[in-house]
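Trainee: Based on the sequences and whatever the hints tell you, model everything.
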Amino acid sequence: MTDLHVAAGQTTGGEQVAVTGHCLPEHVNHVGGKAVGLGSLLRAGQRVPASFVVTAGAYREYRRGPAQELTQELRAAIAGAYAALCELDGTEVPVAVRSSATVEDSAEASWAGQFQTFLGVSGTEEVLAKVEECWAAALDPHVGAYRAGHQLGDDDGGVAVIVQELVDARAAGVIFTQHPETGDRSIVVIESSHGLGEAVVGGEVVPDLFEINKITRQQHRSRLGTKHTEYRLAGGGRGVRARPVDPARQQAWSVSEPELMALTDMAAALEAKLGRGLDVEWAIGAAPSTHGTEALFALQVRPITVDPRRRSQRPQPPAAGRGQDAIGHILGRLAGREPGTGAG
Amino acid sequence: MDQGRRSFRNPFDIETPPGAEGWESMYPAYLLFGEELRERDEQKLWFFDQMHNPEPLYPFDLMMPESWLVSLNQYTTRVWNLPTALGIEHRIVNGYLYLSPNVIDDPAAMAEREPIFAQRARHYFENWDEIYANWVAKATDCIERLKAIRFEPLPDREPLDTVLRARGTTTAFDLLARYSRYLENMHEMAYYHFEMLNLAYGAYLTFLEFCRSHFPAITDDLVARMVAGIDVILYRPDAELRRLAVRAVELGVGAALTSGAAPDAATAELGTTEAGREWLAELEEVKDPWFYYTTGSGYCHAKRAWIDDLRPPFAALADYVRRVERGEDLVRSLDKLRAERDRIADGYRGLLDGDDVTGFDDLLALSRQVFPFVENHNFYVEHWHHSIFFNKARELGAVLVAAGLLEQDDDIYFLHRYEVYQVLYEAEARWALGVPTRSEYTWREEVARRRQIYAAFEKWNPPPALGVPPEKVTEPITVTLFGINTDTIQRWLAAEAEGSPDGRLLGLAASPGVAEGVARVVHQVEELDQLEDGEILVCPLTAPSWSIVFARIGAAVSDGGGIMSHAAIVSREYGLPAVVATGVGTRVLRTGDRLRVDGGTGVVTVLERAAAPAGEAARA
Numbered sequence: 001m002t003d004l005h006v007a008a009g010q011t012t013g014g015e016q017v018a019v020t021g022h023c024l025p026e027h028v029n030h031v032g033g034k035a036v037g038l039g040s041l042l043r044a045g046q047r048v049p050a051s052f053v054v055t056a057g058a059y060r061e062y063r064r065g066p067a068q069e070l071t072q073e074l075r076a077a078i079a080g081a082y083a084a085l086c087e088l089d090g091t092e093v094p095v096a097v098r099s100s101a102t103v104e105d106s107a108e109a110s111w112a113g114q115f116q117t118f119l120g121v122s123g124t125e126e127v128l129a130k131v132e133e134c135w136a137a138a139l140d141p142h143v144g145a146y147r148a149g150h151q152l153g154d155d156d157g158g159v160a161v162i163v164q165e166l167v168d169a170r171a172a173g174v175i176f177t178q179h180p181e182t183g184d185r186s187i188v189v190i191e192s193s194h195g196l197g198e199a200v201v202g203g204e205v206v207p208d209l210f211e212i213n214k215i216t217r218q219q220h221r222s223r224l225g226t227k228h229t230e231y232r233l234a235g236g237g238r239g240v241r242a243r244p245v246d247p248a249r250q251q252a253w254s255v256s257e258p259e260l261m262a263l264t265d266m267a268a269a270l271e272a273k274l275g276r277g278l279d280v281e282w283a284i285g286a287a288p289s290t291h292g293t294e295a296l297f298a299l300q301v302r303p304i305t306v307d308p309r310r311r312s313q314r315p316q317p318p319a320a321g322r323g324q325d326a327i328g329h330i331l332g333r334l335a336g337r338e339p340g341t342g343a344g
Numbered sequence: 001m002d003q004g005r006r007s008f009r010n011p012f013d014i015e016t017p018p019g020a021e022g023w024e025s026m027y028p029a030y031l032l033f034g035e036e037l038r039e040r041d042e043q044k045l046w047f048f049d050q051m052h053n054p055e056p057l058y059p060f061d062l063m064m065p066e067s068w069l070v071s072l073n074q075y076t077t078r079v080w081n082l083p084t085a086l087g088i089e090h091r092i093v094n095g096y097l098y099l100s101p102n103v104i105d106d107p108a109a110m111a112e113r114e115p116i117f118a119q120r121a122r123h124y125f126e127n128w129d130e131i132y133a134n135w136v137a138k139a140t141d142c143i144e145r146l147k148a149i150r151f152e153p154l155p156d157r158e159p160l161d162t163v164l165r166a167r168g169t170t171t172a173f174d175l176l177a178r179y180s181r182y183l184e185n186m187h188e189m190a191y192y193h194f195e196m197l198n199l200a201y202g203a204y205l206t207f208l209e210f211c212r213s214h215f216p217a218i219t220d221d222l223v224a225r226m227v228a229g230i231d232v233i234l235y236r237p238d239a240e241l242r243r244l245a246v247r248a249v250e251l252g253v254g255a256a257l258t259s260g261a262a263p264d265a266a267t268a269e270l271g272t273t274e275a276g277r278e279w280l281a282e283l284e285e286v287k288d289p290w291f292y293y294t295t296g297s298g299y300c301h302a303k304r305a306w307i308d309d310l311r312p313p314f315a316a317l318a319d320y321v322r323r324v325e326r327g328e329d330l331v332r333s334l335d336k337l338r339a340e341r342d343r344i345a346d347g348y349r350g351l352l353d354g355d356d357v358t359g360f361d362d363l364l365a366l367s368r369q370v371f372p373f374v375e376n377h378n379f380y381v382e383h384w385h386h387s388i389f390f391n392k393a394r395e396l397g398a399v400l401v402a403a404g405l406l407e408q409d410d411d412i413y414f415l416h417r418y419e420v421y422q423v424l425y426e427a428e429a430r431w432a433l434g435v436p437t438r439s440e441y442t443w444r445e446e447v448a449r450r451r452q453i454y455a456a457f458e459k460w461n462p463p464p465a466l467g468v469p470p471e472k473v474t475e476p477i478t479v480t481l482f483g484i485n486t487d488t489i490q491r492w493l494a495a496e497a498e499g500s501p502d503g504r505l506l507g508l509a510a511s512p513g514v515a516e517g518v519a520r521v522v523h524q525v526e527e528l529d530q531l532e533d534g535e536i537l538v539c540p541l542t543a544p545s546w547s548i549v550f551a552r553i554g555a556a557v558s559d560g561g562g563i564m565s566h567a568a569i570v571s572r573e574y575g576l577p578a579v580v581a582t583g584v585g586t587r588v589l590r591t592g593d594r595l596r597v598d599g600g601t602g603v604v605t606v607l608e609r610a611a612a613p614a615g616e617a618a619r620a
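Heads up: the protein sequence lines correspond to chains A and B, in order.
At position 189 of the first sequence the residue is numbered 189 (the working numbering), and the sequence of numbers has no breaks.
At position 1 of the second sequence the residue is numbered 1 (the working numbering), and the sequence of numbers has no breaks.
Hints listed in this document are in silico derivations from the structure and should not be mistaken for laboratory results.
From a predicted model like this one, the values you see are computed outputs, not experimental measurements.
Hints may contain errors.
Output of the computed footprint for chain B on chain A, the stretches with three or more beta carbons under 8 Å from beta carbons of chain B [what the hints assert, rightly or not]: (1) 185-195; (2) 261-268.
Distance windows between CB atoms, simulated [said to hold, decoys possible]: (3) A:R276 to B:R122: 46 to 52 Å; (4) A:A269 to B:K336: 45 to 51 Å; (5) A:T226 to B:A611: 30 to 36 Å; (6) A:E294 to B:G592: 39 to 45 Å; (7) B:G592 to A:G236: 54 to 60 Å.
Cβ atoms here follow ideal geometry from the backbone N, Cα and C, with glycine treated the same way.
Mentor: In structure tokens, the structure reads:
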């Protein structure tokens, strides 16, 4: 069996198709932010869907080419990598094809949604077609407008494309490893809904919401969402289909207690390896790489994008320890200084 | 921004409940609302002191609030010179105690007080351990001196000894002199009570706010768990019961405790065997001081201590014996508690950077240093000293019964302590005259009248607050000692205005977890035996001694309680969800209601209403 994650070698910066596990931060211009994120997830010990990356170098060749079409050489490279994915369970594995832009996913500007994602793509021809569509979308005028709005250059290196096996998620969503609004580092916020994560990420449903204390592992708060729609892999592995969620399942939590604990563990493990303040997409479901067994997958990681206006509204913690001992701090409080007003 | 500001009922518009007419004469005039100060008083906030005096005030028990009226407030105003606060005023409305904080907001006055305050308070913080050790010695000595005061009935004849020793004065003179010493002793203890308490709470509050500013979602419970002492005297009575339960099983006498027999019968049965007598001897050893443990807050004589009423500790023993027999390990592992406390503190520290780590560590260390006082003073003062104090009053009541002035010993609690001077004088006069006096009629009549008024008080529901709340509640004593802040006031206003239309009640999140179950509204510790396993306890407030039922209930909801209330502490210990400070829970909820209690958010939801009892439908 081919395990794409552990294939030997290093990303050279020259190849057209790269191994995801080899994507390091310094390769961001070559494989894009999403692929670097996947590489980080893998090296942090998380289970991620089996995948490969069609590089930005390949995109630049494609863009420079007179007819703007895939060369035979590139077609063969992609087909070979896809064939390796299909060896996982001996069928035409349904995959997700996603843009991984070299300017996307930085803390300053989240480009979420500006690029293409195709879900439930099966068969070599389809995969090739969707890679091409990702590239076509990157040349679309509205992406140019977004770049201009964020003072980004016209060409920051191009667009890589990730091809990864599709997890047919029973539940999926987003983890914020600290509270995205209050900045509370002790709280992991988990959003979750039935089916694939697209319903959550696209804002189509109000997901279940859990706030879990990292230290005690106790639920601080939870809110049942209104999960009226779920996306599941369509029959034959071609495309995903939105379907209504029956009322009983709308009223049921989309994840179990042990699953919440596993998600909290994932958040803690990722913060330990990658630093604080992460936004992680996740899914629980079966995939070819698990031979049909349900498992928890990390799909994507990036720094939490904090709206700077929100940040400034937070009360500033009192400056403890700066020229003031603990007794002085307490005396100041009893003397009537409100915490955080900065007096004294 | 005036939209959110509403008022509670005007204290001058409160009606006297039927049957309580003329109640004002039971209390000193300075504690009543009066026309002289109307303009000022009706513009202030007056909150019901549910935490310490959930029941109407007996005139004698008024000694307690009147003691702290001087001791706590003297510390605030004259000793520490808190820059922002003057004393907390008292008013009595239909027998219930209402309090009103006073703030200093003139910057010049604050600036003048601040260096004085800083110098004095710093002295205590810097010498805390030494001062606390000395405090324990002072408090213990005060308790010993109280114990030594005896009230004995006047003899028919003055003892011969008075003549042989040529004393000059008599036993009747002694009685009055002892009563004076007795009152002085209570005043003395009240000073010790507040000598260190404001500062200790202040340290805790500062750490709490530090944690909240960095971790907005942190609960009071978690902060308390980082700070709470491990080997705390306040928990000794419960720990001793657990130990006695283990001993009873070891000695093979557990059955006498689980039979459901009354304490007297159980004790008699234990006395029939060698092993039983051994266990009883161990019980006797534990009683002093650990059974000086009141079932109330320590401010009301009617809540007896274990030493006077063995039913609560025997009920707890029965439960503990059953648990030991089931193989449970009842003895709390101090190492485990210590490891848990450090794990939480390390967890939060690990999320901080730079100077904040030092700030966290320093404030935590100081909070841990001062917190044993907060927990332990409660045993020395409210449990040990106050239990003895109230029992001595009963002893004095028996003296007055023997003198023919009162009907029964607990009549004395219906007399203000300074009225008792008058009664004692009249008893002395009656003893001197040797002929009937009017005293044998007038005081009994007055007590009978007051008993009726008191019964009328008990049927009245005191609102959580009266008057006009300030924009923000900032007075540090109100916030720290009474657990009342701007949010509390907003919750009460909302509950008053809407009467919980959506079947939800908001309180403070005191102990995390969610539980559903049937409500049992319990006002008195004596009603606790009605509780069925798994029910949700709804009560005015719980004292540590209520902990005996916490092993059986599903959750706790209390009207009162603040950042460190007993219900909160005990619930956490038992891992039960608890919501405190709902203000109106015992009035709005009924026994039989199905509730969901979310101790993480402080929300109590009524899932299903119990049928209204006859006669109540019209009111609802």
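Trainee: Is 54 to 60 Å a correct range for the gap between the Cβ atoms of B:G592 and A:G236?
Mentor: holds, 57 Å
Trainee: Can you tell me whether the CB distance of A:E294 to B:G592 sits inside 39 to 45 Å?
Mentor: holds, 43 Å
Trainee: Check the following: the C-beta atoms of A:A269 and B:K336 are separated by a distance inside 45 to 51 Å.
Mentor: For A:A269 and B:K336 the Cβ distance comes to about 26 Å; the hint is violated.
Trainee: Quick one: see if chain B covers the region 185-195 of chain A, three-plus residues with Cβ-Cβ under 8 Å.
Mentor: That given contact holds, which follows from 3 residues of the region 185-195 of chain A lying within Cβ reach (below 8 Å) of chain B.
Trainee: Check the following: the C-beta atoms of A:T226 and B:A611 are separated by a distance inside 30 to 36 Å.
Mentor: holds, 34 Å
Trainee: CB of A:R276 to CB of B:R122, is that within 46 to 52 Å?
Mentor: Violated: the Cβ-Cβ distance is about 37 Å, outside 46 to 52 Å.
Trainee: Mind checking, does the region 261-268 of chain A have 3 or more residues with a CB under 8 Å from chain B?
Mentor: Check failed, 0 qualifying residues.
Violated hints for the displayed structure, listed by number in ascending order: 2, 3, 4.
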